[in-house]
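Chains F and W supply the protein sequences, listed in that same order.
If you're matching positions, the first sequence starts at 149 in our numbering and goes up one per residue.
If you're matching positions, the second sequence starts at 264 in our numbering and goes up one per residue.
Please note that the accuracy of each hint is not assured.
To be verified - With a straight-line cut-off of 20 Å between C-alpha atoms, the simulated EDC-like cross-links for lysine to aspartate or glutamate are:
no., chain 1, residue 1, chain 2, residue 2
1, F, Lys-281, F, Asp-319
2, W, Lys-556, F, Asp-234
3, W, Lys-553, F, Glu-416
4, W, Lys-523, F, Asp-234
5, F, Lys-244, W, Glu-374
6, W, Lys-491, F, Glu-307
7, F, Lys-159, W, Asp-525
8, W, Lys-385, W, Asp-399
9, W, Lys-526, F, Asp-234
Unchecked claim - Derived coverage of chain F by chain W (criterion: at least 3 residues anywhere in the stretch with Cβ under 8 Å from a Cβ of chain W; other residues may be distant):
no., stretch
10, 195-204
11, 297-309
To be verified - So the derived label-pair ranges between C-beta atoms look like this:
no., chain 1, residue 1, chain 2, residue 2, range
12, W, Val-532, F, Glu-211, 33 to 41 Å
13, W, Asp-525, F, Lys-308, 44 to 52 Å
14, W, Arg-600, F, Lys-231, 35 to 43 Å
15, W, Arg-600, F, Lys-179, 52 to 60 Å
16, F, Glu-211, W, Met-264, 50 to 58 Å
17, F, Asp-234, W, Asp-489, 49 to 57 Å
18, F, Pro-245, W, Met-540, 25 to 33 Å
19, W, Arg-600, F, Lys-281, 52 to 60 Å
Think of the hints as simulated: they come from the structure by calculation, not from any bench.
Just so you know, even glycine gets a beta-carbon here, dropped at the ideal spot from N, CA and C.
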Amino acid sequence: MNNPYQPIPTKILDVIEETPNIRTLVLKPEKQIPFLAGQFVELTIPGFGEAPFTPSSSHFEREVLEMTIMRVGRATGALFTKKPGDLLGIRGPYGKPYPLKEFEGRDIYIVGGGVGLAPLRALFLALVHEINKYGKIFLRYGARTPKDIVYKKQLKEWEKIKKVDIDLSVDSADEPWERKVGVVTCLMDEIPCDVKKSVAVVCGPPIMMKFVTKKLLEAGFPGKSIYLSMEMNMSCGLGQCGHCRLGPYFTCKDGPVLTWEQIKDIEEPFL
Amino acid sequence: MAIYFLPNERRVNWLARLAGGYNLFIPVKAGNGVHWQRFDKEKVDLDSLALKEIRAAEPIKSFLFSPRERVALFPEPLEEPADGNPALLLGVKGCDLRGLAVHQKMFLEGEFADPFYSKRVKETVLIAADCPEPKDSCFCNLVGLKPYAVDGVDLVLSVIDEGWLVEVVSERGAKLIEGENWQPAAERQINKRDGQRQQAEGVLQQRNPKPLNPNLPQVIAERTNDEKFWAEAAKDCVECFGCLMTCPTCFCFLLYDQAKGDKVERTKVWDACYMAMYARVGGGANPRAKFLKRFINRFHCKFMHGKNQHGFYFCSGCGRCFTACMGKIDIRDILGRL
């Protein structure tokens with residue numbers, strides 16, 4: 149029986165402390181999860197239930213998956229009690245991946261906020277894996293304070309990659325900080341790519357998504373070139389249970405990444 | 264398709280024969296309404312058999328889209344469901360089939376088919392029965408349906424004075440009438456059936472003469488932010504969710520896990536989009552925290568997205584929603600004002 153509700157047993161190989169309330173779980177599912185950047189999975193926390201997460205690792209490495217998770221509620225709270233060797237379950241992948249074919253030959257302007265960098269890392273790693281297919285890759289990332297920055301070491305490594313341009317900001321600097329201070333839109337006053345031909349990809353807290361989208365539109369990005377990670381209650385992942393309805397869409401099936409063009413008529417799309 | 268006749272005196276024999284191969288369920292008169300009941304050949308009471316009456320209180324989805332079902336175990340997976348005695352529902356109404364159409368779209372036609380639903384739908388035998396006596400609560404004519412089924416079932420049964428007529432729809436249906444003394448129906452009998460059907464359509468037309476706005480999806484989209492309109496429509500709602508729990512087309516479900524020793528059991532239960540926490544996300548944000556938004560969402564789902572995406576309203580015109588409603592909110596009144 150092909151049972152879409154059945155999770156695959158998955159061992160936690162490692163737990164990486166990213167920030168005081170964000171961790172990356174390194175997971176090895178018994179069977180490979182054939183995800184592509186942008187797709188998500190349902191993670192079973194035995195006895196607690198399921199919650200949707202987007203892998204933050206590259207889809208070119210599927211033996212081991214990484215999920216970067218912020219502690220916000222009941223399920224993520226339970227995940228924070230887990231240690232290497234513990235068992236979780238995974239089912240998926242679900243949703244639509246980033247349309248990388250359409251990104252080819254274009255500059256890609258990525259804007260992340262807080263833990264929103266997690267799904268963007270899967271995209272970023274997929275892009276740099278085949279960097280010759282794409283134009284320049286710009287990454288603009290903002291966190292609350294320097295302590296809240298995820299993937300600190302990797303960001304430094306990524307800055308060395310040719311054709312990659314990274315800029316960071318923090319809302320407030322409570323320790324020495326050489327980059328910009330301000331919300332992430334402060335990094336967007338000058339957008340160094342041809343906005344009509346480029347692609348923008350955004351993931352972060354709703355308020356950040358709202359203002360970044362506004363800024364991107366003002367800069368001249370067409371709505372169909374702005375890709376937004378939408379947060380809804382994606383429960384079954386199959387496009388059936390109804391919980392993640394966003395206007396005419398089921399976020400789990402039609403998203404979780406939707407373009408501004410798709411959602412612009414929905415009242416308050418950002419929660 | 265071929266039409267056959269069975270005289271009244273042979274009905275019990277045929278029912279007993281059906282019950283021999285299937286879990287036979289029939290609609291019976293009980294209290295003020297009609298309810299599904301398992302056929303018991305030891306206690307046959309044809310007077311309580313409600314084939315001419317309108318749909319039962321319980322939608323047929325109760326048999327197919329289970330109200331509560333175990334769908335997974337962890338870490339060892341759930342085994343394939345065993346083959347049981349399949350159900351046969353005798354007396355399915357035309358309106359019931361709209362629910363079936365919605366669920367087949369939602370649960371079978373996407374990328375991921377629900378194996379439990381799929382198995383049950385394939386196995387369950389459906390015999391429709393005409394609705395010659397529509398009631399005040401019926402409005403199937405407004406949502407593009409008729410008071411009788413023509414397809415989507417195995418047999419279509421019509422009650423006439425001297426016995427039952429069946430029209431064979433599927434091969435499986437043809438087998439159901441083998442071995443019993445079904446005779447080819449006479450033209451007079453078929454005319455009688457057709458007359459009853461026309462009369463029922465006339466009654467519905469008389470009760471619900473004003474068709475729905477042909478641009479209903481567009482109108483609902485435009486009036487989405489008309490809070491005054493929706494607040495007035497919803498003013499008597501006590502949020503009991505009775506409308507959604509009796510609705511034959513509602514498809515929402517909830518998955519929840521329970522620890523059973525060192526195992527986890529995953530259960531799927533019916534859910535309702537009127538529930539306050541229905542759309543809440545892990546971090547606590549809730550796109551439809553206000554009830555009015557949830558009330559409007561129901562109209563979006565049934566009369567806008569359903570029609571735009573699948574070509575038909577996610578409503579069967581069965582009237583269960585306002586029959587169950589404590590506030591007596593008649594959906595026809597709301598639709599009529601749009």
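Tested hints:
1. F:Lys-281 to F:Asp-319: Cα-Cα ~34 Å, so violated.
2. W:Lys-556 to F:Asp-234: violated, 41 Å
3. W:Lys-553 to F:Glu-416: holds, 13 Å
4. W:Lys-523 to F:Asp-234: holds, 18 Å
5. F:Lys-244 to W:Glu-374: holds, 12 Å
6. W:Lys-491 to F:Glu-307: Not satisfied, since the Cα-Cα distance of roughly 54 Å exceeds 20 Å.
7. F:Lys-159 to W:Asp-525: holds, 16 Å
8. W:Lys-385 to W:Asp-399: violated, 33 Å
9. W:Lys-526 to F:Asp-234: holds, 14 Å
10. 195-204: It holds, with 5 qualifying residues against the three required.
11. 297-309: violated (count 0)
12. W:Val-532 to F:Glu-211: 33 to 41 Å: Given a distance of about 36 Å, which is inside 33 to 41 Å, the answer is holds.
13. W:Asp-525 to F:Lys-308: 44 to 52 Å: holds, 47 Å
14. W:Arg-600 to F:Lys-231: 35 to 43 Å: Violated, since Arg-600 (chain W) and Lys-231 (chain F) (Cβ atoms, about 59 Å apart) do not stay within the stated range.
15. W:Arg-600 to F:Lys-179: 52 to 60 Å: holds, 54 Å
16. F:Glu-211 to W:Met-264: 50 to 58 Å: holds, 56 Å
17. F:Asp-234 to W:Asp-489: 49 to 57 Å: At 51 Å between Cβs, range holds.
18. F:Pro-245 to W:Met-540: 25 to 33 Å: With a Cβ separation near 30 Å, Pro-245 (chain F) and Met-540 (chain W) satisfy 25 to 33 Å, so the hint holds.
19. W:Arg-600 to F:Lys-281: 52 to 60 Å: Once the Cβ atoms are compared, 55 Å apart, the range 52 to 60 Å for Lys-281 (chain F) and Arg-600 (chain W) holds.
In terms of the numbered hints stated before, the structure departs from hints 1, 2, 6, 8, 11 and 14, listed from lowest to highest.
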